[in-house]
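A.B. asks: The task is simple: from the sequences and hints, build the whole structure.
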Amino acid sequence: VQLQASGGGLVQAGGSLRLSCVVSGSTFSRNGMGWYRQAPGKQRQLVATITSFGDTNYADSVKGRFTISRDNAKNTVYLQMNSLKPEDTAIYYCNVIPYSQISNWGQGTQVTVSS
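Residue numbers (my numbering): 20 to 134.
Simulated from the structure, these hints should not be mistaken for lab results.
Glycine residues also receive a C-beta, built at the ideal position from the N, C-alpha and C atoms.
Do not rely on the hints blindly, as some may be mistaken.
Here are the simulated distance ranges between beta carbons [what the hints assert, rightly or not]: (1) T86 with V20: 21 to 31 Å; (2) S134 with G51: 28 to 38 Å; (3) L29 with F72: 31 to 41 Å.
C.D. replies: Structure follows, in C-alpha cells:
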C-alpha cells in the first residue's frame, strides 16, 4: 500500500489546515482509514477514523476541531483541522484501521502550529 499525505505546513494558533492522503495499491473503498500523528519524543497517536461506511470517531483532544472525510472515487482521505493549537504540532500520517492491519507507513506531512 502506498500512502501519500500532503497539506501540512506552518500555521498560527487558531488557524486551519486541510490534509489529504492519496492511497494506492489497496481496495480503498473497503478499508477503514485513520489519521495518526506523532509529536517529537511521543508515541504515534490515532486522532481520527472513518469506516468504509463513513462512520467517524475522534480522539478527545481533537473532537469538535478536526473532521475526517473520504472520497472513494479519488482514493483519498482528508483531515480538516480547525482551531489549531501548538500541541497539535506533529507529523501526520494516514493509514488503515485497525492498527493491526498496518503493513507500512508513508512519509507523513509536517504540521507546525506556532503560539
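A.B. asks: Would you say the C-beta atoms of S134 and G51 sit inside 28 to 38 Å of each other?
C.D. replies: 34 Å, holds
A.B. asks: Tell me if the beta carbons of L29 and F72 are separated by a distance inside 31 to 41 Å.
C.D. replies: 35 Å, holds
A.B. asks: May I ask you to test the hint 21 to 31 Å on the CB atoms belonging to T86 and V20?
C.D. replies: Between T86 and V20, where Cβ atoms are some 24 Å apart, the hint holds.
Hint compliance for this structure: every hint is met.
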